[in-house]
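For chain G, the structure is supplied; the task is to place chain V with the ligands on it using the hints.
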Amino acid sequence: MRWTKYLIWLAAAGAFYALTLVLSNAGFISRFMLMTMVQICIYIIMALGLNLITGFTGQLSIGHAGFMSIGAYAAGFLASTYGARVSAALTEALGAAAGGAVYYIFILATLAAGALVAAAFGVLLGLPTLRLRGDYLAIATIGFGEIVRIVLLNTKALGASSGLPVKYSVGWTTAFWLMLLSVVLIYNFVNSSHGRACISIRENEIAAETMGINTTKYKVMAFALGAGLAGLAGGIYANHMYLIHPNSFNFLKSFEILVMVVLGGLGSITGCILGAVVMTVMNNALSAFPEMRMIVISVLLVVMMIFRPNGLMGTTELRLPFRRKAAGGKEDVTHGL
Amino acid sequence: MASEEKLFLSIENLSQSFSGLKAVANFSMQMEEGELVGLIGPNGAGKTTIFNLLTGIYAPTEGSIIFRGQKLNGLPAYKVAQRGLARTFQNIRLFADLSVVDNVKIAYHQHVTHTALSSMLRLPGHFKNEKIMGDKALELLKVFQLEDKALEQAKNLPYGQQRRLEIARAMATEPKLLLLDEPAAGMNPQETRELMDLIRWLRETYKLTILLIEHDMALVMGVCERVYVLEYGMLLTVGTPDEVRGDQRVIDAYLGEEAP
Ligand SMILES: Nc1ncnc2c1ncn2[C@@H]1O[C@H](COP(=O)(O)OP(=O)(O)OP(=O)(O)O)[C@@H](O)[C@H]1O
Ligand SMILES: [Mg+2]
Numbered sequence: 001m002r003w004t005k006y007l008i009w010l011a012a013a014g015a016f017y018a019l020t021l022v023l024s025n026a027g028f029i030s031r032f033m034l035m036t037m038v039q040i041c042i043y044i045i046m047a048l049g050l051n052l053i054t055g056f057t058g059q060l061s062i063g064h065a066g067f068m069s070i071g072a073y074a075a076g077f078l079a080s081t082y083g084a085r086v087s088a089a090l091t092e093a094l095g096a097a098a099g100g101a102v103y104y105i106f107i108l109a110t111l112a113a114g115a116l117v118a119a120a121f122g123v124l125l126g127l128p129t130l131r132l133r134g135d136y137l138a139i140a141t142i143g144f145g146e147i148v149r150i151v152l153l154n155t156k157a158l159g160a161s162s163g164l165p166v167k168y169s170v171g172w173t174t175a176f177w178l179m180l181l182s183v184v185l186i187y188n189f190v191n192s193s194h195g196r197a198c199i200s201i202r203e204n205e206i207a208a209e210t211m212g213i214n215t216t217k218y219k220v221m222a223f224a225l226g227a228g229l230a231g232l233a234g235g236i237y238a239n240h241m242y243l244i245h246p247n248s249f250n251f252l253k254s255f256e257i258l259v260m261v262v263l264g265g266l267g268s269i270t271g272c273i274l275g276a277v278v279m280t281v282m283n284n285a286l287s288a289f290p291e292m293r294m295i296v297i298s299v300l301l302v303v304m305m306i307f308r309p310n311g312l313m314g315t316t317e318l319r320l321p322f323r324r325k326a327a328g329g330k331e332d333v334t335h336g337l
Numbered sequence: 338m339a340s341e342e343k344l345f346l347s348i349e350n351l352s353q354s355f356s357g358l359k360a361v362a363n364f365s366m367q368m369e370e371g372e373l374v375g376l377i378g379p380n381g382a383g384k385t386t387i388f389n390l391l392t393g394i395y396a397p398t399e400g401s402i403i404f405r406g407q408k409l410n411g412l413p414a415y416k417v418a419q420r421g422l423a424r425t426f427q428n429i430r431l432f433a434d435l436s437v438v439d440n441v442k443i444a445y446h447q448h449v450t451h452t453a454l455s456s457m458l459r460l461p462g463h464f465k466n467e468k469i470m471g472d473k474a475l476e477l478l479k480v481f482q483l484e485d486k487a488l489e490q491a492k493n494l495p496y497g498q499q500r501r502l503e504i505a506r507a508m509a510t511e512p513k514l515l516l517l518d519e520p521a522a523g524m525n526p527q528e529t530r531e532l533m534d535l536i537r538w539l540r541e542t543y544k545l546t547i548l549l550i551e552h553d554m555a556l557v558m559g560v561c562e563r564v565y566v567l568e569y570g571m572l573l574t575v576g577t578p579d580e581v582r583g584d585q586r587v588i589d590a591y592l593g594e595e596a597p
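Protein sequence lines, in the order shown, are assigned to chains G and V.
As numbered in this note's numbering, residues 1 to 337 make up the first sequence, in order.
As numbered in this note's numbering, residues 338 to 597 make up the second sequence, in order.
Bound conformation, chain V alone:
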């Protein structure tokens, strides 16, 4: 591991209780810039809760989250996003009634510099920023092969495309760390393979650091460099995909489920 100040993301002793239930207990993890790390564990292990803690949706009961030298816990979610953390949701949370392109534009909003008044009066700043925003949104949609759906309502997209749109929207915030919560859920094997390629490509192209929750073990083992395994809110083990795959405790944890 790199020295403290070089760390990209450092989570120390993170805990979260929901009226007595310890969803996450004493969880610590470190990530370096550019890494692609997996977070796995049986259902209810606390994976999504860790994402909610990281992105400021919950304030942790205990522990600290340091991102690029700055403390994140205690910040409201929108400020966390503005620091460069973006995510997708396990239960898709698109702006369902809005068009595909508007979904992406909204995520870009934090970067606009013109005021609401200049939009109301249609001053030049409005046109300039809307143009930049529109161009960027279309560019992203092209990357995600959604440009011909730009004007469709998000809720009318097929499931796999909704998942892709969620990643596109997260990318529009121009993140440094991308958190993906089961991006392959509900996808067929063909779509999953394409998604793997897309994740690798995004990481190369945008110099992204990615933390991935996934139940599809082929996907996790295929793209991740390190894997954290969670059980009952606690860290079970961490290692390379091969190390984790051979670990007896991991196999036991997953007993009755799909073996890793």
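The following block holds chain G by itself, in its conformation from the complex:
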């Protein structure tokens, strides 16, 4: 019983994934569209992480691209430095097919490493700064993002200002399933006692603390999880894009991610997914007119503030109508899943 819901969702996701494969093999999904779809996955993961920090826990962070670049550089550095050697050794030992499969595991490990390094930086940044309130935290996180970018621009071992080339080894399949895994993990987190502890900080920090919630611990936890997701997204980005450059992770990128979360609804998972899709599609559609992007974003935000001041979804989730009520006409209060 407990797992039926997951199995249904898994089957739906599998069907969707199979459909994309069929369509792209038949030529209905172009390479450009597939690239957009990978980017959508990357930004969904980014937006999920920031939503956990800002939407659910209420801590304004504007340096999320900084964590993304840390994950991208950590994963990219491992893949570009050891990738060729690992690949050659595996092919020699196991043959081309099995060696290739194990090499893929190596690539996944670099992604995990990127996520962990970024999460560690999340803790390092969070511990001293999360005592700051509102505006000060925002300024500290902007500063963090810029410092990371400038350090990377000046680190010769990581390519400095000419960027770091990384072999292409992650495509739609990996991006899609890792995105799905991230959504499930974060959905489970926010719909649990620990997630509610984070939300209580957003709602009323003094009351949360007075009810026995260690607010610092949960802020740092949200920061670490959010930063880890950004690191994961960065790793996917690095292994997909052939080349990473510090300036791809600038303040504007952090801002765009914040816009995705705000647009979708702070504190709504389906909302931030929607926001990531809308923003990525729009960015790619306007890629020939980069100067138009900021204008469109501004207009979008103004329109939203007028018509839906809490974002497309507010704090609510998009649900399938038949899941809404449990037996007896009331939603299950005692928590099934």
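Hints in this document: simulated from the structure, not taken from any laboratory.
Note that the structure is predicted; figures quoted are calculated from it, not measured.
Warning: the hint list may mix true and false statements.
Covered stretches of chain V (in silico footprint by chain G; criterion: 3 or more residues with CB under 8 angstroms from a CB of chain G, positions within the stretch not fixed) [claimed, not checked]: (1) 405–416; (2) 426–440; (3) 457–470.
Using 35 angstroms as the maximum straight-line C-alpha spacing, the simulated DSBU-like pairs for lysine-lysine come out as follows [what the hints assert, rightly or not]: (4) G:Lys5 - V:Lys486; (5) G:Lys217 - V:Lys468; (6) V:Lys479 - V:Lys465.
Glycine residues also receive a C-beta, built at the ideal position from the N, C-alpha and C atoms.
Just chain V with the ligands now, with coordinates in the frame of chain G:
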């Protein structure tokens, strides 16, 4: 008074200044386990400040707070709560956008034993604890006659019910000492009477010790065994409701206000 080590709560020479203003000055009080004590005084006397000091929201400028043999001052508020002190707020501080039942569940969080990871992976520990938590929360809501509002947003409750929900939430932390800051404020006489009964009932049922701030003198005199009277941050007098009611200094302090 009982001997030192038997004391449930002992406050010694507590002082708190806000940039020169002495909100609480040299305040001392003792409570025994199971007592129901009132804390009264005119507006701005420092009553809420004492609650904020007790619950770790402020660190006292001077003095000490010993609760069941352990020093409380200097501890962060969440640790004070985990030692068994819970409170309500004069200006209601619910988790306004969350459901009534989630408000209560959050207060129960300190008792859960499963990790965040087991929730993310939906391991058995998550289901077990969430079930216990859900059951306890509903049980409490039943006591406070809020169970049919369980899924409503806290901010949508009428005022009196919000006050009740605040007490329910405080009870979910499973406290030994409950601090109520003007629980009857904004209630009509009927609601106030029900609240009096509820406070007595809670105390009997959960073996609670209660410290009550209240301007409604009928309520204070009706339920409290001893009353501390505060004026300008200092202790004016302490005694049974009858002693306090007849004290000329108390009458003077309240002059111009509702006489006790
Ligand atoms: N955080 C603060 N900063 C500065 N002054 C404060 C602060 N908190 C309380 N005060 C001041 O301390 C004094 C005591 O306030 P307190 O809220 O404890 O009074 P009270 O007895 O609870 O009054 P009331 O009956 O109106 O609730 C007041 O003069 C108040 O203005
Ligand atoms: Mg007060």
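Verification of the hints:
1. For the segment 405–416 of chain V, the stated coverage by chain G holds: 3 residues have a C-beta nearer than 8 angstroms to a C-beta of that chain, and at least 3 were required.
2. Note: the segment 426–440 of chain V has 9 residues with beta-carbon separation from chain G under 8 angstroms; the three-residue rule is met and the coverage holds.
3. For the segment 457–470 of chain V, the stated coverage by chain G is satisfied: 9 residues place a CB nearer than 8 angstroms to a CB of that chain, which reaches the threshold of 3.
4. Taking the CA atoms of Lys5 (chain G) and Lys486 (chain V), the gap is near 27 angstroms; set against the 35 angstroms cutoff, the hint holds.
5. With a C-alpha separation of about 24 angstroms, the suggested pairing of Lys217 (chain G) with Lys468 (chain V) holds against the 35 angstroms cut-off.
6. With a C-alpha separation of about 21 angstroms, the suggested pairing of Lys479 (chain V) with Lys465 (chain V) holds against the 35 angstroms cut-off.
In terms of the numbered hints stated before, the structure departs from none.
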